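Trainee: Sequence:
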Amino acid sequence: MDKKIVTGLYFHYPGSSDKITAIINELISFAKVIPEVSAIWTSHNQPINESEKFIQEILEKEIQQIIVVGTKAGFIQPFFNTVMRTASRNQNKVKIFDFDEKNIFQSSDTPLAKAILFSQIMNLRFDGLHHKQFPLNHKETLVIGGGIAGIQAALEIANSGNKVFLVEKTGSIGGHMAMFDKTFPTLDCAACILTPKMVDVGQHPNIEVLTLSELTEISGKAGDFTVTISKKARRVSETLCIGCGSCAEKCPSRTSSEFDAGTTMRKSIYIPFPQAVPNKYLIDADSCIYVEKGKCGACVKACPVENCIQLDEPDKELKLKVGNIIVATGFKTFDASRIEQFGYGKYPNVLTSLEFERLVNASGPTEGQIRYRTKDKRGNWIFTTEGEEPRKIALIHCVGSRDENFNKYCSRVCCMYSLKLAHLIKEKMPRAKVYEYYIDMRAFGKGYEEFYDRIRHEGIHMVRGRTAMVFESKGHLHLRTEDIVQQKLIEQEVDMVVLAVGLEARPETSRLAQILGLNTTHDGWLKESDSLDENVLSNIDGILIAGACQGPKDIPDAVTQGAAAASKVLENILNNAVNHSLVPETEEDILSKA
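Here the numbering used here is used: position 304 in the sequence shown is 286, and no number is missing along the way.
Treat each hint with caution, since some may be false.
Claimed, not checked - PhoX-like mimics (lysine-lysine), calculated; alpha carbons at most 20 Å apart, straight line:
no., residue 1, residue 2
1, K43, K1
2, K54, K75
3, K314, K232
4, K96, K314
5, K328, K283
6, K298, K328
7, K456, K328
To be clear, the hints were calculated from the coordinates, so they are not data collected in a lab. Values in this document were obtained by computation on a predicted structure and should not be read as measured data.
Produce the entire structure from the sequences given, and follow the hints as far as they go.
Mentor: Okay, here's the thing in structure tokens:
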């Protein structure tokens, strides 16, 4: 420690908020009891244009250093450099403690402010940040969410020889990516990338997949968490089921298919999708006749394996001990029916982008053929391969995003996936007319601008402007929109409208954040500790975040963040301690140095 020197403090806070004023007042009270502080000035009672008064007091009290504290403190430094030089003091002994630079204004962190001020007065080295460590009592890791980010994180950790519990709310891992036909900008087959990873997870000796499961309780601390997992009954044995499908053939109950985004119906006993992991049947308790009324059992009678189906199987509660937790719960798509003027839910051939994804997918309701939605014998609107082809299709960007009435943020992926869908339309129906109605084209990622240029040259009609409404006239859909390039209003007749819905935080993630004590943004996304440096670390030691639960992102970014979260976990396992994010030194840390 350097020799302590007599100090003068100048608090500069012109026009500050009540929070900053309160912090300043606490710092003044704190400084008054420090013997080294011989003078305290404030911008409220000692204007900086009175240099003679400062010089006189510096000489009388033998002040050797001055610390300027507060907001925009750097602007005052030249004045005090001159004052110190005039008083025959070392002008380099003028220090700055700027609230803006130290994030005091944003955090309202009074203990941190005291610690920094004390270190400067005492000439202590203030590292400002240090690592908090917790002993790692359990090397097992809990990954919450079985989408691509959670899958990547689980594989990275498991491949290093460490146990992973992968918790997924639905009946299969895979997430939204399993629903896609192609990825942008390379137009690679989504299933060709995802399915091998899903199989690796399902067969990995170090990964225990817990489907139909949710975290409901947590106790302990970093390195030594005890979590409670609520696991809904699958009612079909994963070990005994041979996947023959006899049960589904005989099941009389049907409900909307989540995997097909509601464009098809499925049975109440079902496999979520052909590549599901685990690739076994399960019973949807919400639509099963037996669960609701206690009568039926058609699936049990049809099953060739004895005791495979247990209709009365109870839900379970599991207790797990883990050292680290990764939250990768993903996103939900914006509910397009909230924007009534676009006609979603009113006009059968106004679709969301996720519904259209299933329509163009070979495993979708029309085997990849683009068809009108038509009524079946029961009067239900359905897609079939027998429907007619639409010839004019409009894609409307930013549905629910960049909108003061809904979500102000950009969802990042909508522009590119809309271009991808336009390409798939032209690929399947070269003579179709495709219109893209966009506000701005956000082509921010690697290869995205080139992808945009490619699609523009495929004969897609690009119209820049906001769409006001979609309505029906004489049996046809019409768009009322603008073209700000041509500076005119447009009314366009089309056969089908695709709404490029944005991404939103899942309600389940908000509830999970409350259980785990995680911070969230005002729009519901999980909040990272530092968006630039530590964007996979949360505010809770030992809990990391990855993928689209942190905010809208594309598949490459989700994979990267999943791997980054896993690397942090592996670092903790290697060090046998949870070495969480750099955190500010406290007043006690500084005092202990003194």
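Trainee: Does each hint fit the structure? Answer for all of them.
Mentor: To see whether the hints hold, each was checked on the structure:
Proposed proximity of K43 and K1 is contradicted: the alpha carbons are some 32 Å apart, above 20 Å. Restraint check for K54 and K75: satisfied, since their Cα atoms lie roughly 18 Å apart, inside the 20 Å limit. Of the supplied pair hints, the one linking K314 and K232 is violated, its CA atoms being roughly 33 Å apart against a limit of 20 Å. With a CA separation close to 43 Å, the supplied pair K96 and K314 exceeds the 20 Å bound.
Under the criterion of a C-alpha separation no larger than 20 Å, the hint pairing K328 with K283 is inconsistent with the structure, at around 41 Å. The suggested pairing of K298 with K328 is violated, with an alpha-carbon distance near 41 Å, which exceeds 20 Å. About 15 Å separates the Cα atoms of K456 and K328, which keeps this hinted pair within 20 Å; it holds.
The structure does not agree with the numbered hints 1, 3, 4, 5 and 6 stated previously, though it agrees with the rest.
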